Amino acid sequence: MRIPLDYYRILGLPLAANEEQLRQAYSDRIVQLPRREYSTTSISSRKKLIEEAYMVLLNTDKRKAYDQLYLAHVYTPNKNADTVSQENLVDTNPKDQDAQSLSIEITPERFVGSLLILQELGEYELVLKLGRPYLVNKPSPISLKTGHHATQTETLENPDLPDIILTVSLACLELGREEWQQGHYENAAISLETGEELLAREGIFPSVRAEMTADLYKLRPYRILELLALPQTQLPKRRQGLELLQSILEDRGGIDGTSNDQSGLNIDDFLRFIQQIRHYLTVSEQHKLFELESKRPSAVATYLAVYSLIARGFAQRQPALIRQAKQLLMQLGKRQDVHLEQSLCALLMGQTEEATRVLELSQEYEALAFIREKSQDSPDLLPGLCLYSEQWLQQEVFPHFRDLAKQQASLKEYFADRQVQAYLESLPNDAQITNEWAVINHQSFPQPDIHHSNHHNNTTQTPQYYQPLNPQLPKTRPRLQPESSQGSIPRWNHSSTDGNAGNQLSQIPLTAANPNRRTHPVNDHPTAATSHQPPKRRRRKPTANNLPRGFIQSQTNFLSSLDPKTRLVWLVFFSLGGVLIFSLLVSTTFGLVKNIFFPSPSLKGEQLAIQLNQPPINIPDPNSEPEATNNEELTKETAKEVIETWLSAKTSALGQNHDIDGLKEILTGPVLSQWQSVAQQEQEDNRYRQYKHNVEVVAFSKKGTDQNYVSVDAKVQEVTKFYQNSQQKKSSNENLRVRYDLVRKEGKWLIQKMSVIQSFL
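In this text, residue positions in the sequence shown follow the UniProt record's numbering: the first is 1, and each later residue adds one.
These aren't lab readings, by the way, just hints derived from the structure by calculation. Be aware that a few hints might be false.
[Claimed, not checked] Lysine-lysine pairs mimicking DSBU-like chemistry, simulated, CA-CA at most 30 Å apart:
hint, residue 1, residue 2
1, K715, K702
2, K640, K721
3, K729, K218
4, K48, K62
5, K664, K730
6, K748, K636
7, K640, K715
8, K295, K334
9, K218, K237
10, K730, K692
11, K334, K237
12, K636, K730
13, K218, K721
14, K745, K636
15, K288, K237
For clarity, every value in this text was computed on a predicted model and none was experimentally measured.
Build the full structure now, drawing on both the sequences and the hints.
Quick look at the structure:
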């Protein structure tokens with residue numbers, strides 16, 4: 001039997017190796033042992049092949065003859081050991097060696113050893129080709145005794161069969177991992193499944209089978225992406241991808257489930273994965289998937305189901321689906337602010353009065369500001385709301401669906417559809433539909449003031465559901481955006497809108513769809529003027545000079561009604577009172593006359609309250625450091641220092657020592673919780689990173705009139721090395737443009753939000 005191997009490859013030597021290198025290579029190969037699952041017979045067979053190669057090359061005459069054959073093969077065209085045909089693998093005539101590809105002759109006892117060496121050299125396809133004939137029409141399944149291979153019967157035609165099965169399975173394992181690294185995920189799965197099925201059928205080597213099973217579980221998300229990205233015409237493969245997705249959801253217990261699906265993805269990673277696959281799913285596929293998942297129940301799946309229902313209802317002109325989305329939003333409204341989505345659904349249902357009423361309850365300040373701006377010349381907010389609805393559908397809803405990504409969103413065409421008009425006309429009026437909504441929404445969230453355009457002075461922080469996803473779900477709103485930035489992303493870019501679009505959209509025939517349209521703005525909040533009471537008149541203090549005549553008469557009548565003794569007491573009391581009042585009048589008159597003729601020097605302005613035992617101002621300690629001013633204006637230099645402080649804290653938190661406490665000195669709000677969670681996860685997984693940063697501040701601007709809120713744009717070059725178990729796994733070099741939102745607290749600038757707005761190559 002001939003095997004496509006040569007002695008130099010067996011020892012891992014070049015042709016020009018000297019004797020010392022030959023001895024060293026032989027020593028190394030003998031010391032290296034295969035996996036512990038191999039039997040002593042296979043290990044011995046491998047050892048004999050290594051010894052044979054060593055003895056041939058060590059003998060000068062034999063090596064010279066072998067080198068001539070080797071060189072003749074290397075420089076002869078159309079001969080390649082890797083492409084040896086199946087017919088030439090077995091040859092009983094050693095004299096035909098020159099006509100063969102470069103190979104060596106072995107006995108059947110050394111076949112398993114040669115397979116083992118080929119597997120060590122990475123010739124996985126060749127191992128499968130040579131080992132497959134031994135697995136066809138073999139006897140009944142085999143079993144293993146402790147420490148040795150044996151058949152279930154006392155006799156076995158091929159005692160090396162378990163080792164051959166092990167070698168073929170390991171070749172499938174390594175071949176699958178190679179395909180995985182090259183991005184051929186389905187091919188990788190086929191190789192792994194082949195090896196796993198072989199071991200499962202034989203019921204041997206459970207540890208090797210467990211490795212393959214673990215790799216198949218980790219491979220599932222990659223396979224799902226590859227299968228769903230295929231053209232829509234390849235229905236069977238895309239259906240297979242959906243089935244794999246359903247299986248992984250069942251193992252996790254839903255999109256935001258906490259069960260272990262063996263994929264290695266935590267909650268945040270899996271939500272990013274869901275965000276990725278949404279771009280490869282059609283609107284009907286997402287509708288079916290997320291509607292089913294929302295019944296677990298799952299707040300994330302419910303929110304995604306709402307988006308799919310709105311997108312499908314609008315694109316396919318089915319308002320009934322939008323009404324279904326409206327009902328799902330009522331469930332979400334009990335725990336988070338979805339008033340903007342409720343308002344948009346009401347608008348698409350033609351319920352304009354309800355749309356504007358619910359809109360006033362929203363805390364989406366940027367959206368509200370834009371809607372008010374586009375509705376300045378209108379008695380209500382409908383023009384701005386219509387414009388925002390089109391932009392929202394076009395830029396935030398449609399791009400997440402494979403079949404709607406290039407479709408235009410037109411409210412005018414939507415309401416002009418006869419099917420839409422017929423359905424909307426059959427709906428009840430606003431008052432009947434929104435009664436339950438009003439109760440839920442008023443109990444769930446405070447009512448914002450929408451009559452002021454400057455919201456940056458409001459000290460209320462942005463709710464948590466506008467920040468990047470964190471593991472505390474489903475209480476947070478699912479934001480399925482890419483997390484290279486880990487920052488909040490606005491619903492759409494206001495700068496891309498057209499100022500005249502509001503006037504065009506105001507002509508949409510909404511009144512035809514719903515006769516209850518409100519034509520004048522309704523102010524549900526009393527203004528400051530209506531709530532003020534008329535000022536009360538100040539009452540004068542009664543004195544002897546301004547008491548009314550009726551009061552004196554009442555006192556006289558009071559005295560005349562008393563007995564003589566009591567009257568005498570009251571007369572004495574009034575006399576003393578009169579003397580006291582007369583003396584006060586005399587002293588006051590004397591003082592006024594004195595000031596007129598002999599004025600004393602007077603001090604102007606507010607007088608200082610100076611005491612002898614206390615200094616008029618606080619005297620600082622001469623040894624103390626000067627206090628920093630709390631009103632220091634942010635400059636490019638200080639902004640760069642803030643960003644560099646953050647990057648330094650990030651380096652320490654995700655570094656080898658995982659100094660997580662340092663994040664509190666530069667981050668605030670939900671972004672602090674998010675990065676603390678990332679650092680803790682890295683520490684638990686025994687991973688760390690090394691960073692090198694270069695920062696350049698491009699621009700910064702104040703957010704409104706409040707001096708304590710500033711937005712900074714910076715170019716950041718980030719070189720990252722990733723380590724796991726103290727071994728470097730990979731590295732990256734990114735050039736990003738990042739927007740940092742800074743807030744000043746107690747005289748110190750902190751980062752409360754960050755987002756990547758551009759990535760450079």
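These are the hints, each one checked on the structure:
With a C-alpha separation of about 19 Å, the suggested pairing of K715 with K702 holds against the 30 Å cut-off. This hinted pair checks out: K640 and K721 have alpha carbons roughly 23 Å apart, not beyond 30 Å. Between K729 and K218 the CA atoms are separated by roughly 17 Å; this keeps the pair inside 30 Å, and the hint holds. For a cut-off of 30 Å, the pair hint linking K48 to K62 stands: about 18 Å separates their Cα positions.
Taking the CA atoms of K664 and K730, the gap is near 29 Å; set against the 30 Å cutoff, the hint holds. Proposed proximity of K748 and K636 is supported: the alpha carbons are some 15 Å apart, at most 30 Å. For a cut-off of 30 Å, the pair hint linking K640 to K715 stands: about 10 Å separates their Cα positions. For the given pair, K295 sits about 17 Å from K334 by alpha-carbon distance, which is consistent with the 30 Å threshold.
A hinted pair counts as satisfied when its Cα atoms are at most 30 Å apart, and K218 with K237 qualifies at roughly 19 Å. For the hint pairing K730 with K692, the CA-to-CA distance comes to about 15 Å; that is within 30 Å, so the pair holds. Restraint check: the Cα-Cα separation between K334 and K237 comes to about 40 Å, which exceeds 30 Å; the hinted pair is violated. Using a Cα cut-off of 30 Å, the hinted pair K636 and K730 is violated, with the two alpha carbons roughly 34 Å apart.
About 23 Å separates the Cα atoms of K218 and K721, which keeps this hinted pair within 30 Å; it holds. Distance check on the hinted pair: K745 and K636 sit about 19 Å apart at the alpha-carbon level, within 30 Å; holds. As the CA atoms of K288 and K237 are separated by approximately 18 Å, the hinted pair is consistent with the 30 Å bound.
The earlier numbered hints that this structure contradicts are 11, 12.
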